[in-house]
Amino acid sequence: MSKDINEMKDTFSTENTRVSVGLASCSIAAGAQKVYNAFETALEGIPAELDFSGCMGMCYNEPLVEVTSKDSPRFIYGKITPDRVDRIIKEHVQGGHPIKEWLVYAEGMKTADSDFIDKQQRIILKNCGVINPERIDSYLSVDGYKAIEKAIKTMTPEQVIEEIKDSGLRGRGGGGFPTGMKWSFARKAPGNVKYVVCNADEGDPGAFMDRSVLESNPHSIIEGMLIAGYATGAQEGFIYIRAEYPLALKRLNIAIKEANKKNYLGTNLFGSDFNFKLSIREGAGAFVCGEETALMMSVEGKRGMPKIRPPYPTESGLFTKPTFINNVETLANVAYIIYNGAGAFNKYGTETSKGTKVFALAGSINRGGLIEVPMGITINEIVYDIANGLSSGLPLKAVQTGGPSGGCIPASLSDTAVDYDSLKKIGAIMGSGGMLIMDESTCMVDVAKFFLNFTQEESCGKCTFCRIGTKQMLKILKRITNGEGKEGDIELLEDLAVKITTGSLCGLGQTAPNPVLTTIKYFREEYEAHINEKRCPALKCKALIEYEISEKCIGCGRCSKQCPVNAISGERKQQFSIDKSKCIRCGLCVTVCKLNAIDVVTGKRGV
Amino acid sequence: MKNNNNESNSIEIIDKIVSQANVTEGSNIIILQKIQEEFGYISPTMLERISQLIGTSVSELNSIITFYTQFRLEPIGKHLIQVCHGTACHLAGAEKISDAIELETGAKAGSTSPDGLFTIENVSCLGCCSIAPVIKIDDETYGKVTPEKVRNIIKEIRTMDNQAQTN
Chain A
2 MSKDINEMKD TFSTENTRVS VGLASCSIAA GAQKVYNAFE TALEGIPAEL
52 DFSGCMGMCY NEPLVEVTSK DSPRFIYGKI TPDRVDRIIK EHVQGGHPIK
102 EWLVYAEGMK TADSDFIDKQ QRIILKNCGV INPERIDSYL SVDGYKAIEK
152 AIKTMTPEQV IEEIKDSGLR GRGGGGFPTG MKWSFARKAP GNVKYVVCNA
202 DEGDPGAFMD RSVLESNPHS IIEGMLIAGY ATGAQEGFIY IRAEYPLALK
252 RLNIAIKEAN KKNYLGTNLF GSDFNFKLSI REGAGAFVCG EETALMMSVE
302 GKRGMPKIRP PYPTESGLFT KPTFINNVET LANVAYIIYN GAGAFNKYGT
352 ETSKGTKVFA LAGSINRGGL IEVPMGITIN EIVYDIANGL SSGLPLKAVQ
402 TGGPSGGCIP ASLSDTAVDY DSLKKIGAIM GSGGMLIMDE STCMVDVAKF
452 FLNFTQEESC GKCTFCRIGT KQMLKILKRI TNGEGKEGDI ELLEDLAVKI
502 TTGSLCGLGQ TAPNPVLTTI KYFREEYEAH INEKRCPALK CKALIEYEIS
552 EKCIGCGRCS KQCPVNAISG ERKQQFSIDK SKCIRCGLCV TVCKLNAIDV
602 VTGKRGV
Chain B
4 MKNNNNESNS IEIIDKIVSQ ANVTEGSNII ILQKIQEEFG YISPTMLERI
54 SQLIGTSVSE LNSIITFYTQ FRLEPIGKHL IQVCHGTACH LAGAEKISDA
104 IELETGAKAG STSPDGLFTI ENVSCLGCCS IAPVIKIDDE TYGKVTPEKV
154 RNIIKEIRTM DNQAQTN
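So the protein lines, in turn, are chains A and B. Residue numbers for the first sequence follow the working numbering, so the first one is 2 and each next one is one higher. Residue numbers for the second sequence follow the working numbering, so the first one is 4 and each next one is one higher.
Keep in mind the hints are simulated off the structure, nothing from the lab. As the structure is a prediction and not an experimental result, all values here were calculated from the model. C-beta: ideal position from N, C-alpha, C; glycine also. Treat the hints with care, as some may be off.
[To be verified] Partial selection, computed: residues in chain A whose CB lies under 8 Å from chain B: (1) Phe320; (2) Gly369; (3) Tyr548.
[As the list claims (entries may be wrong)] Result set (DMTMM-like, lysine to aspartate or glutamate): computed pairs, CA atoms no more than 25 Å apart in a straight line: (4) Lys543/A / Glu107/B; (5) Lys147/B / Glu441/A; (6) Lys543/A / Glu124/B; (7) Lys583/A / Glu124/B; (8) Lys605/A / Glu98/B; (9) Lys35/A / Glu159/B.
[Said to hold, decoys possible] Chain A stretches covered by chain B per the calculated footprint, using a threshold of three residues with CB under 8 Å from any CB of chain B: (10) 50 to 64; (11) 328 to 340.
Turn these sequences into a full structure, and let the hints guide you.
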């Protein structure tokens, strides 16, 4: 039982003090670089080490600063701004007194936020937010490259594959294909030129698991690929990373350079005859290139249009050679499994879904960020125990997983276990790890429309049913949210869905209808309200709402100043009113009203 | 990213980029990415030159730059505003943010404002979901923005640019 932080002793050692600022993309977006710079200036002349790490996972508390000293627990401060730096240095770094009111985590102690970290099972994320991602020494200090050394020196390639098979590791990109089996196909493929590819094209909107791992522990991916190469006979690897991740790209480049310098990449690794060359290929902004055959086309410098399988990549892949592709998170598990044994991994999880899964938690929750949990944990446990419930205070409505290929799980099924098979049973998928929490203010028809809009834009165009079918589904959804829904629309959507899935060559088209199908399945009454009553129950769809100023209005005029079409008028200090014939429902007035005096009500105006 | 409109200078730069690149099987996209990094966009003239140097037909190069959204076929304005329309940002009101930006700049997504100052792009997921809604202006990312906030940020940039011009 953890001790409460308020009972913690006041004074800790001031020897060997280390200050580390989390510097991943979302940290920097929240202002962490400015905090780091402030520490750099303020620590001059003070005997404390300043360092930086990657993503600590507690994204809702960014910027995060870790302070440790000799024999002290890990202390993490949250929501730190440059003006708080001096006090941290004076009281904690120099004085040895942690500032309790700013602490969000203290190792071994209970804080208001400690459940967020303590209820997770951090295997892949263990060193993320701890080590410096731009220094190989930092990775080496946490047993870095010991797994590949163990594999080369004490295991045969076949034994490595058996270990991965025993672990039960399944593809974490969403497919869930047994990794060990994929590697054994690759091993059996004839010829001595084979390629291993890391799919870092994380295209699902709302997913940032892979980005965080690449920005926080890039060497773990390099080591995973080395082990994959050793096991299968591949002597060259590519990391295909999307262009929209410049920081991850920068840190990967540094890591590869350092690994080459220290001969963890290159020739005769660990004195053996195993050679491995690793290079990076950048995506150019195409979601479909997350699909493996399209990815390979892109690496070959062509339009990223998927190809029919067979032949499978392990028979004929990149440049016609046997190729196998693994997701970032899958590879991030490999070194841990080889170094610690399959048992250290498969002791977590369920019968058919072993190990842990990283989720990018976002939406209407109090604690959004990156979490790693054992397979089999329930949605409720994630939403309430780890994420501390809904930020709006409204009831949970749905949880969306799997991005544009996935489904919406209604609140009534929130005791479902999160594993491949349990989710499949209810018509949803695990996906790559994006998990969006939705409350009662979310319109599920709008969510379906959002995802169709995405997949329709990203369709490569090759298959008629995907290219035109998604466009037609989107058109119908736009009509419905515009107050022009017709009887028979739901049946038409369901019919199109079946045809698009059947008539599509790749996963994009095959799964594009999923968001529509699951929302119809679990939220049919919302579709019916839009179509039959021209009403949006969540009061979201612009064409089906109106704004009205209530008696709470004190006539300050803020809303009127913001209104781009001069639809709001009134006398100062008296209740204002909105001319509904002019109002374009942009919502700017609502966002600036400090008294919540503008109500959103049902009304049909058209757009 | 720079916009360089000097013709003969452009040819020299393109030649240099291609000669330094490793022209192998699969390097088309890499070369095009380096050209875009240099010029900010790719024009038909540039495509002709690249085609001459690496032996890939102009039509094939065109098929690549019209497929991948990263490539721009026109120069962009002075400032690039990227509005995230990923799932978390959508739920957090990204559409209202886009509306506010359109009101303030006069430019819809995918176009440049009449004064040439701002190009607006909708992007799907910058990966900063916990601080949704998110926009990026040039290299700076702004999280938890509101329609009012983004209008103010844009006004500030416009004011600073005007001041810089008059100085």
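Hints versus structure:
Here the hint on Phe320/A is kept, as its CB sits about 6 Å from the closest CB of chain B, short of 8 Å. Checking Gly369/A against chain B: minimum C-beta separation of about 4 Å stays under 8 Å; hint holds. A hinted interface residue such as Tyr548/A counts as satisfied when its beta carbon comes closer than 8 Å to some beta carbon of chain B; here the least separation is about 13 Å, so the hint is violated. Of the supplied pair hints, the one linking Lys543/A and Glu107/B holds, its CA atoms being roughly 20 Å apart against a limit of 25 Å.
Of the supplied pair hints, the one linking Lys147/B and Glu441/A holds, its CA atoms being roughly 21 Å apart against a limit of 25 Å. A threshold of 25 Å between alpha carbons decides the hint, and for Lys543/A with Glu124/B the separation of about 22 Å falls inside it, so the pair holds. Taking the CA atoms of Lys583/A and Glu124/B, the gap is about 28 Å. The hint is violated against a cut of 25 Å. The hinted pair formed by Lys605/A and Glu98/B meets the criterion: a straight-line CA distance of about 20 Å does not exceed 25 Å.
Of the pairs offered as hints, the one joining Lys35/A and Glu159/B holds, with about 20 Å between alpha carbons and a cut-off of 25 Å not exceeded. Residues of the stretch 50 to 64 of chain A lying with their CB closer than 8 Å to a CB of chain B number 3, which satisfies the three-residue condition for coverage. Here the stretch 328 to 340 of chain A counts 0 residues with a CB under 8 Å from a CB of chain B, which misses the bar of 3, and the coverage is violated.
Hints 3, 7 and 11 from the list above are not met by this structure, while the remaining hints are.
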